[in-house]
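Peer 1: Chain order of the listed sequences is A and B. Per my numbering: the first sequence = residues 1 to 274. Per my numbering: the second sequence = residues 1 to 317.
Treat the hints with caution; some may be incorrect.
To be verified - Only part of the chain B face toward chain A is listed, based on derived beta-carbon distances under 8 Å:
#1 193
#2 219
#3 223
#4 276
#5 304
#6 314
#7 317
Keep in mind that the hints were calculated from the coordinates and are not lab data. Even for Gly, the Cβ is constructed at its ideal location relative to N, Cα and C.
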Amino acid sequence: MPHPIKHLARGFGAAVLALSMLVLAAPGASAEETLWPILKEQAFGDRPIQENDGMVVIEAPQKVEDAALVPLTVRVPPHVKSKLKSLTIFIDNNPDPKVATLTYGPAAGSGGERNFSTRVRVDNFSHARAVLELEDGSLHMATRFLAAAGGCAAMQAKDPEADVAGMGKTIVRTFAPAVDSNPIWAGQVMIKHPNHNGMQLDINTAKFIPARYVKEMTVKRDGELVFKLDGTFSISTNPNFRFTFGKGEENALDVVIVDTDGAVFESHEPPKGS
Amino acid sequence: MCTPSLISRKTFLKAGLALAASPLLRYVPAHAAAAQVTEVAPGVFVHQGRYEVQSPDNRGDIANASFVVGSEAVAVIDTSGSAVMGEELRDAIRTVTNKPIKYVINTHMHPDHVLGNAAFKQDDPIFVGHYKLPRALGTRADSYVTANRQMLGAEAFAGSEIILPTLAIKEPTKLDLGDRELLLEPQSTAHTDNDLIVTDTKTDTLFLGDLLFSVHVPTIDGSIKGWLGLLEAIGNRKAARVVPGHGPKSMKLPEALEPEQRYLAAIADDVRRQIAEGKTLAEATKTAGFSEKDAWKLFDQYHVRNVTAAFAELEWE
Chain A
1 MPHPIKHLAR GFGAAVLALS MLVLAAPGAS AEETLWPILK EQAFGDRPIQ ENDGMVVIEA
61 PQKVEDAALV PLTVRVPPHV KSKLKSLTIF IDNNPDPKVA TLTYGPAAGS GGERNFSTRV
121 RVDNFSHARA VLELEDGSLH MATRFLAAAG GCAAMQAKDP EADVAGMGKT IVRTFAPAVD
181 SNPIWAGQVM IKHPNHNGMQ LDINTAKFIP ARYVKEMTVK RDGELVFKLD GTFSISTNPN
241 FRFTFGKGEE NALDVVIVDT DGAVFESHEP PKGS
Chain B
1 MCTPSLISRK TFLKAGLALA ASPLLRYVPA HAAAAQVTEV APGVFVHQGR YEVQSPDNRG
61 DIANASFVVG SEAVAVIDTS GSAVMGEELR DAIRTVTNKP IKYVINTHMH PDHVLGNAAF
121 KQDDPIFVGH YKLPRALGTR ADSYVTANRQ MLGAEAFAGS EIILPTLAIK EPTKLDLGDR
181 ELLLEPQSTA HTDNDLIVTD TKTDTLFLGD LLFSVHVPTI DGSIKGWLGL LEAIGNRKAA
241 RVVPGHGPKS MKLPEALEPE QRYLAAIADD VRRQIAEGKT LAEATKTAGF SEKDAWKLFD
301 QYHVRNVTAA FAELEWE
């Protein structure tokens, strides 16, 4: 095995040049290229993943303005007819790179565009990835680069009292499609919750504010599972989810949210004429 | 006659003095000259910051910083965005008066108003702020320091640090400077959750901090609803003049508030309508409040962030 220091000395000039070019080209890109293979293996083993094959699309703003609140949308275009099995979203360079995994149920729907949106924290320049698993077990990935930093440490509530006062308040909405024949409905769940990531130091106490975040959310339509979401603290304060589901008889939604303290928040959106 | 031993002793003493002084020197960063200040009313001085974001070139000189001189003491109201700038403000005070600097008041938590505090440690003043300022600064100190060191560069950032207030204001409080009093009024959440209005009662001058932006686009880091409500209340006040956190050195009520009220109302109206229409945050950031684009400096730097904050607040109405 060659001595690393000797090797470094030999290639020093070239390495410095390469490094500075890398920094100019894409900050953070070098670190993350080593991360993704590890994340991928942890989540999917050696299963092949099709990249950028048009089965899944990920959207984020061109320019991130608030790294603590970055809107992220994943779309499965209408030409994808298959039922969905799961969707996992990653932000490679976040302290917990896995943002959320959705495991779909029978009420997830098909026959139109399916999508999922939420808002995330971005700690450092990073790729965001959506890995979609179809019914046949095939994996498809879309990737997008996020030029943002500081979202995890700089995530202080603008008005902590207001947030604590309303903690657990949940709003559930359903949206009928514009065209009656469209078998896909849309839904939204918002919950007042700090989603503390345990990474904020308070210099008054010299202690970190303890982590407390939404761990699990189950969404059912007319009693059938749309999806179960396993979340992490990469999701922003006051988690906000938009999603699609298959049209049912009543289109009533039941939502159960559990946080890391074991608190359970349940809510129900009554039937809306289909 | 000086013996060699005496010379060396002298040199030694000098060296010792220099050594003893060096840790102190680290907290008194090099600066060019006294900050330019204008006396907007008798004994009331304002330094106007530039309409820019922090850079090595402006050394954090992007917010207004003021001081009020009484017969016994001086109070500083905001200290600019670096220890270097704070030191220049201190020099400006010393060209006007030798009275002790007894109070250093911060109108709110933002780094461009507080990072100059370090320059006044040598005066051993009472650092004063809203009662929520310690928590606000305490949980943001790390990220403020990191971000500002990066934006200002090592040279302009040298000596800057977060200094927490030693006097926390929960109820309206008067500070005596000798022959004049300052009235300090803590506000509920508006621009931030720790906005403090300072009034020099002698000249009827209101220091609004960042509750008032002029020319520089407002930035929302508290509550758009709270801010609009507070601006209405401030508009009903009478004052000889107001000093904005960003803008001209001195302005008149109520006209001074009108552009900012119009800007915030434009965002609130657009965002509320889009929420009612079921639009998403991403959609709102592309259109809401863009009618105001040409009315403000630094619109491109802060507007989308403002819409994001407004949306995240108003969607819970």
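Peer 1: Return the numbers of the hints above that this structure violates; sort them in rising order.
Peer 2: 2, 4, 6, 7
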